[in-house]
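K.L.:
Protein chains in written order, with the working numbering: chain A, 117 to 278; chain B, 66 to 250.
These are computed hints drawn from the structure, not numbers from a lab. Here the structure is a predicted model, which is why all the values come from computation and not from measurement. Backbone N, C-alpha and C fix where the C-beta goes; we use that ideal spot for every residue, glycine too. Check before you lean on any hint, since a few could be wrong.
[Stated by the list, open to error] Only pairs whose alpha carbons sit at most 16 Å apart, straight line, appear in this in silico EDC-like list of lysine to aspartate or glutamate: (1) B:K235 / B:E208; (2) B:K235 / A:D131; (3) B:K93 / A:E123; (4) A:K247 / A:E261; (5) B:K120 / B:D148; (6) B:K93 / B:E127; (7) B:K120 / B:E131; (8) B:K93 / A:E266; (9) B:K93 / A:D232; (10) A:K247 / A:D232; (11) A:K247 / A:E266; (12) B:K93 / A:D137; (13) B:K235 / B:D185; (14) B:K93 / B:E197.
[Said to hold, decoys possible] Cβ-to-Cβ under 8 Å is the rule here; a few derived chain B residues that face chain A: (15) D94; (16) R95; (17) M111; (18) Q115; (19) Q126; (20) R129; (21) S130; (22) C133; (23) N144; (24) L147; (25) D148; (26) Q150; (27) V183; (28) A192; (29) Y206; (30) L210.
[What the hints assert, rightly or not] Every beta carbon over 10 Å from chain A, so not counted as near; a handful from chain B, in silico: (31) R71; (32) R86; (33) R102; (34) A114; (35) R232.
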Amino acid sequence: MHREWFEPALAEHLDRVVAPDELWERIQRPRVKAARVPIGVNAARLCACAALALILWMIPWQRGVRSGDAAEIRGWVRAKAGIDVPLRAYPAGVQLIGANASRGSVEIAYRVSNRDGRLFIGGRHAASSGKVFTGSIAGHTFTLECATPEDLRIACNLCHIG
Amino acid sequence: MEANDREVIEACQRGDSDAFRVLFEAHKDRVYSMALRYSGDRALAMDIAQESFLKVLGSIQEFRSEACFQSWLYRIVVNTCLDHQRRGRRMLPFLGELVEAVRAPGETVLHRLMRAEVEDDVQRIVARLAPEQRVVVVLRYTEGLSYEQIAQILGCSPGTVASRLNRAHKVLERRLSHLRRVGNA
């Protein structure tokens, strides 16, 4: 019953086509086809990449210390970088977060009024501005960065008394 | 097999690259069409056709001159199609058909697009058939082979071919019923 319309339709739409000229080129120079990777393998690769990215993201702090204790941070920096940063035990208005050392420089993280700031010692030299102050400490260049000029003034308490 | 074909094949067996080009030109459309109608994907069809011809080139020494070259070639293409299926390669319709249709001369763009859409529909639905049914459909409708010829290529009985084709027809008829409505309108 279906033959009236069905087989001609198939014959019409499944008829022979002309092969592209490129086919001969392909046969003369067979290219290596990339094997199709199963979805599961791709998912596993994606997870591995995500894990690697997470690890890389965490590396700076794996090389560092997280602490609000000035003495602990000072001791850690001295041990890791050989630099004695005269951090005050209780810097007014400043909350220490931690430190890390990499490529001959030290970074000490802190917070002023819940805003992040950084103290860089060695390896980083920035011109002073309203939010950045560059100076010298124990023979090392340091840079103090804050979110606002007011924070910068308070951040001086890390090492100095107001 | 005609004497000319036999000479070409014998030249191929001696490693004559010009003869292989002649063989390729004679069968390229057949091989590519089967691959395209089976896979429903131009890129995949190129892979299958390429692989088929490389298999021909690699095993032409094993071909016995008393056999039918065309059947031998069909078997290689069918096996390559099935190998690709087994490897889990994507067998889906292609957008290129639409692009091709727009480029086709002598028709209005609307007509070309409509025809391409129907063709795409048919091909997509054929590409969803079970591999053993799809092979039979391609050999029957793309190559126009008889049940006996298909049976010879697939190494089964004509009854098995008829049975597979019948099952394929039922599926295709159901899935392509909208074409009938369009045709009747």
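K.L.:
Hint by hint, note whether the structure agrees.
P.N.:
Here is what the structure says about each hint:
Restraint check: the Cα-Cα separation between K235 of chain B and E208 of chain B comes to about 20 Å, which exceeds 16 Å; the hinted pair is violated. Restraint check for K235 of chain B and D131 of chain A: not satisfied, since their Cα atoms lie roughly 20 Å apart, outside the 16 Å limit. Distance check on the hinted pair: K93 of chain B and E123 of chain A sit about 25 Å apart at the alpha-carbon level, beyond 16 Å; violated. For a cut-off of 16 Å, the pair hint linking K247 of chain A to E261 of chain A stands: about 6 Å separates their Cα positions.
Distance check on the hinted pair: K120 of chain B and D148 of chain B sit about 13 Å apart at the alpha-carbon level, within 16 Å; holds. With a C-alpha separation of about 20 Å, the suggested pair K93 of chain B and E127 of chain B falls outside the 16 Å cut-off, and the hint is violated. Annotation: proposed proximity of K120 of chain B to E131 of chain B is violated, straight-line Cα distance about 20 Å (limit 16 Å). For a cut-off of 16 Å, the pair hint linking K93 of chain B to E266 of chain A is broken: about 79 Å separates their Cα positions.
A threshold of 16 Å between alpha carbons decides the hint, and for K93 of chain B with D232 of chain A the separation of about 69 Å lies outside it, so the pair is violated. For a cut-off of 16 Å, the pair hint linking K247 of chain A to D232 of chain A stands: about 12 Å separates their Cα positions. Distance check on the hinted pair: K247 of chain A and E266 of chain A sit about 8 Å apart at the alpha-carbon level, within 16 Å; holds. For the suggested pair K93 of chain B and D137 of chain A, the alpha carbons sit about 10 Å apart, so the restraint of at most 16 Å is met.
A distance of roughly 19 Å separates the Cα atoms of K235 of chain B and D185 of chain B; the hinted pair therefore is violated under the 16 Å criterion. For a cut-off of 16 Å, the pair hint linking K93 of chain B to E197 of chain B is broken: about 23 Å separates their Cα positions. Because the smallest distance between the Cβ of D94 of chain B and any Cβ of chain A comes to about 5 Å, under 8 Å, the interface hint for this residue holds. Satisfaction of the interface hint for R95 of chain B is found here, the shortest Cβ-Cβ separation to chain A being roughly 7 Å, below the 8 Å cut-off.
With 8 Å as the threshold, the beta carbon of M111 of chain B comes within range of chain A, its nearest partner Cβ sitting at about 6 Å, so the hint holds. Restraint check, Q115 of chain B versus chain A: the minimum CB separation of about 4 Å is within 8 Å; hint holds. Among the interface hints, the one on Q126 of chain B is violated; its C-beta lies about 17 Å from the nearest C-beta in chain A, farther than the 8 Å criterion. For R129 of chain B, the shortest C-beta to C-beta distance to chain A is roughly 23 Å, which exceeds 8 Å, and the interface hint is violated.
The interface hint given for S130 of chain B is broken, as the beta carbon of that residue sits about 23 Å from the closest beta carbon of chain A, more than 8 Å. Against a cut-off of 8 Å between C-beta atoms, the interface hint on C133 of chain B is violated, since the closest Cβ of chain A lies about 19 Å away. This hint is violated: N144 of chain B has a C-beta 17 Å from the nearest C-beta of chain A, more than the 8 Å allowed. Look at L147 of chain B: its Cβ only gets to about 16 Å from chain A, farther than 8 Å, so that hint breaks.
Taken as an interface hint, D148 of chain B does not check out: its beta carbon lies about 12 Å from the nearest beta carbon of chain A, beyond 8 Å. Restraint check, Q150 of chain B versus chain A: the minimum CB separation of about 12 Å is more than 8 Å; hint violated. With a least beta-carbon distance of about 6 Å to chain A, the hint placing V183 of chain B at the interface is held under the 8 Å criterion. Taking 8 Å as the C-beta cut-off, the interface hint given for A192 of chain B is violated, the closest approach to chain A being about 11 Å.
The interface hint given for Y206 of chain B holds, since its Cβ lies 4 Å from the closest Cβ of chain A, which is under the 8 Å cut-off. For the restraint placing L210 of chain B at the interface with chain A, the shortest Cβ-Cβ distance is roughly 12 Å, beyond the 8 Å limit, so the hint is violated. In this structure R71 of chain B is separated from chain A by more than 10 Å, as the shortest Cβ-Cβ distance comes to about 22 Å. With a least beta-carbon separation of about 8 Å from chain A, R86 of chain B fails to lie farther than 10 Å from that chain, contradicting its non-interface assignment.
Not every C-beta of chain A lies more than 10 Å from that of R102 of chain B, the closest at about 5 Å, which undercuts listing it as non-interface. The beta carbon of A114 of chain B is not kept farther than 10 Å from every beta carbon of chain A, the shortest such distance being approximately 6 Å. The Cβ of R232 of chain B lies farther than 10 Å from every Cβ of chain A, with a closest approach of about 13 Å, so its non-interface assignment holds.
The structure fails hints 1, 2, 3, 6, 7, 8, 9, 13, 14, 19, 20, 21, 22, 23, 24, 25, 26, 28, 30, 32, 33, 34 (numbered hints given earlier, in ascending order).
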